[in-house]
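Residue numbers (the numbering used here), protein chains in the order written: chain Z, 1 to 72; chain Y, 1 to 700.
Because the hints were derived from the structure by calculation, they are not lab data. Take the hints with a grain of salt, since some may be wrong.
Reference excerpt, derived from the structure (chain Y facing chain Z, CB under 10 Å, subset only) [to be verified]:
| hint | residue |
| --- | --- |
| 1 | Asn95 |
| 2 | Leu102 |
| 3 | His186 |
| 4 | Asp215 |
| 5 | Glu218 |
| 6 | Asp221 |
| 7 | Ile224 |
| 8 | Asn244 |
| 9 | Thr266 |
| 10 | Arg268 |
| 11 | His275 |
| 12 | Leu369 |
| 13 | Met373 |
| 14 | Leu487 |
With a straight-line Cα cutoff of 25 Å, these simulated DMTMM-like cross-link-like pairs (lysine to aspartate or glutamate) come out [as the list claims (entries may be wrong)]:
| hint | chain 1 | residue 1 | chain 2 | residue 2 |
| --- | --- | --- | --- | --- |
| 15 | Y | Lys230 | Y | Asp267 |
| 16 | Y | Lys472 | Z | Asp5 |
| 17 | Z | Lys52 | Y | Asp267 |
| 18 | Y | Lys476 | Z | Asp5 |
| 19 | Z | Lys2 | Y | Glu237 |
| 20 | Y | Lys408 | Z | Asp5 |
| 21 | Y | Lys376 | Z | Asp19 |
Note that this is a predicted model, so its numbers are computed, not measured. Backbone N, C-alpha and C define an ideal beta-carbon position, used for all residues, glycine too.
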Amino acid sequence: MKLSDLKIGQIGVIKEFTDLALSVKLMEMGCLPGESVCLERIAPMGDPIAIKVSGYQLSLRKDEASNVILYP
Amino acid sequence: MKVALVGNPNTGKSSLFNALTGLNQKVGNFPGVTVDKKYGTCKLPNQQVIQIIDLPGCYSLYPKTQDEAIVYDVLSNKNNESHPDLVVVVVDATNLKRNLLLYFQVADLGIPLILALNMNDLAEKEQVYVDADKLSERLGVQVVKISARNNENIDGIKRAIVTAPNFAIHSSTYAIPHTSQNLVDHISHQFASDNEYASLLLAHQYSNVKHLSKDETEQLDRLIEEQNFKSKDQQVEETIWRYNYIDKLIKECVQVVPKPEAPSLTDRIDDVLTHKVWGFVVFFFILLIIFQSIFSWAEYPMALIENLFSWLDQIGHSYLPAGAFTDLLLNGILAGLGGVLVFIPQIAILFMFIAVLEDTGYMARITFLMDKMMRKVGLSGKSVVPMIGGLACAVPSIMAARNIESWKDRIITIMVTPLISCAARLPVYILLISLVVPDDKVFSVFDLRGLTLLGLYILGTAGAVLVAWIMKNLIKGKEASYFIMELPVYRKPRWRNVFLTMYDKVKTFIFQVGKIIIAISIVLWVAASYGPPKRMEQIDLKYESSEFVNNHSEEDLDRMKSAERLENSFVGILGKSIEPAIRPLGFDWKIGIALITSVAAREVFVGTMATIYSVEGSDDDTTNIREVMAAAKDPVTGQKVYTTATAFSLMVFYAFAMQCLSTIAVVKRETNGWKWPVIQFTYMTVMAYLASLVVYQLLK
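Given these sequences and hints, build the entire structure.
Laid out in structure tokens, this is it:
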């Protein structure tokens, strides 16, 4: 399952990333393997999305989120 | 002594900077890039005066944007003129974990540090208690609890600066991995670096480091390849290691009292502001207010400034002796200065709104709302505010594009904003529309002239979207374009910060853009007032001859003389010489002259028309100009000059052409060189020419 597949309010735990360069940026922002993330809201036009991670709100585009693999 | 403030965005770093420096601050540019360099002075309890530098907000020393690259360079390069003796790392206590990542990277560079623990009050409200003493003990640096927003314990920071050690006494945390040790040793040796982490960072970023010579870069290329150094893998390893370390530290020093999860105030506000319907309604309403304010609030102070300058001009003309020097002083320099200062109200008002939007956290929501739509045409969600501002004036709007982090998005926004029809085009549009469009109603409701005007605004916006889309595909981005962005908690705006932003922007505009504007206006003025001396002499003689003096009133003489002088000035000669080129657009040489003089500013078109046709009455009196222009006939063919085809062709030309030297000057300053203003001027002129050509040939 990917981060981009979460529904609003659903929580997932990060397993790994499929894009190395993107994973560096995401990890700096606190999205580490083992960290739980919650999908908080989706922008009105369906993209980008906002997630709660390590106590704050982070927004990212859907195609970026599709590189984040969650534990099933 | 130099002290740098470093921290994540939205940690209250600017508030601390303002609290430390007050009005003793300046804004400049970091050399070679358009990133604001904010610095100022601060007096310590021991009477020592130190320099404070506010570095741009960043998340790590692995830069992803121009702003972050500056922080890396300033901190890691000892030869950088801004390299500090001491760093104050500002961290947000409500988000300590992510903030500490940057702290430890900076700490490992071996610069003396102080940790400013900000927003502790907010953290305690959330039942998060940070044990500052224990944190200080574990980090080996002073930890000072502050509330920058409420100006609390700023003295604590000042005292800590006084007692801070001259060299780093804290130990470094991250040990260079074995696989990279060899490489790091080589680099440390070669660049005489005493800090291993700095050498490691150089291995990661040398290809973007400006101060290295070509030889040094090539040497590093070889070393990296020899040692099989994998930058991204190494970064991942380091980040994970640091977060593990931080997790353990936080367990020791931070106590969290669990509490039931309730939606926060920010969540509830976001439910409305990012709502499918209400989100856009509110956003549209806010844009309307901004647009209205720069359009109408600015009108009174602008009129005041204009009146002040025309008053000075009158005074000058009545008290100074007539002559070339007075002419230069009043019509060249004073007029140029007036042209600069008249922008102050619009700049101040637009930046007041932008500072409030940024400060409250709403700007991030605008980006969130608009990203998908704007991305389709190559712009960012943050381009919306500058482009709406462009409806009033491109000058403050282009300055506002600095808030867009991505270099490519920023350049595209700057390039297309002048295509949005600004307030200065309005007098030109109104004059030409009233000349050729009948005052009729369509379907007995819509005013035909109003519809034409609306059409011109739509044309400009469509042009901007089209060009943005083309540039999106043409310009190569220098940096990976990520959207990944924090949505900060909503906060009340800090009026002190808002005021300081307005003050800084106005000051920057006057001192850095103003001089280019004044210089170019003087050149234009000289070209429009002087011509080949022989011709000018003849004109002077002609109007002194008894034949003229006896048959015309003094006023008429003056008017006719200025018309003829303009016609024979350098600008006039140029205007005539381009006639063959603008004939296909339906323009004669008189329009040619107006096109050249209105490079200074579009509204000059009306005044130039008044001079060329030597219209009676003041420049502002459009009715007279309109009548004279309506009656104007081509001397050869005897046909009307301002046919519908010519007027529409001219309006379309003004919709697209870059007839504004203030915009050129501000683009030069914001892009740090003449490359982009030249590209912009060229593409807009070509676009205007082609569009006018099509319009004239179709309507003719």
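Each hint, compared with the structure:
1. Asn95: Holds - the Cβ of Asn95 of chain Y comes within 10 Å of chain Z, reaching about 5 Å at its closest.
2. Leu102: holds (9 Å)
3. His186: Violated, because the Cβ-Cβ distance from His186 of chain Y to chain Z comes to roughly 24 Å (cut-off 10 Å).
4. Asp215: violated (28 Å)
5. Glu218: violated (24 Å)
6. Asp221: violated (20 Å)
7. Ile224: violated (17 Å)
8. Asn244: Constraint on Asn244 of chain Y satisfied, holds at 9 Å.
9. Thr266: holds (8 Å)
10. Arg268: violated (12 Å)
11. His275: At about 7 Å, which falls below the 10 Å cut-off, the nearest Cβ of chain Z leaves the hint on His275 of chain Y intact, so it holds.
12. Leu369: holds (6 Å)
13. Met373: holds (6 Å)
14. Leu487: Check passed: Cβ of Leu487 of chain Y comes within 4 Å of chain Z, closer than 10 Å.
15. Y:Lys230 to Y:Asp267: At roughly 41 Å apart (the allowed maximum being 25 Å), Asp267 of chain Y and Lys230 of chain Y break the hint.
16. Y:Lys472 to Z:Asp5: Not OK: Lys472 of chain Y and Asp5 of chain Z at ~29 Å, beyond 25 Å, violated.
17. Z:Lys52 to Y:Asp267: holds (11 Å)
18. Y:Lys476 to Z:Asp5: Measuring from Cα to Cα gives roughly 31 Å; hence the hint is violated.
19. Z:Lys2 to Y:Glu237: holds (22 Å)
20. Y:Lys408 to Z:Asp5: violated (30 Å)
21. Y:Lys376 to Z:Asp19: holds (23 Å)
Hint check: violations occur at hints 3, 4, 5, 6, 7, 10, 15, 16, 18, 20; the rest are consistent with the structure.
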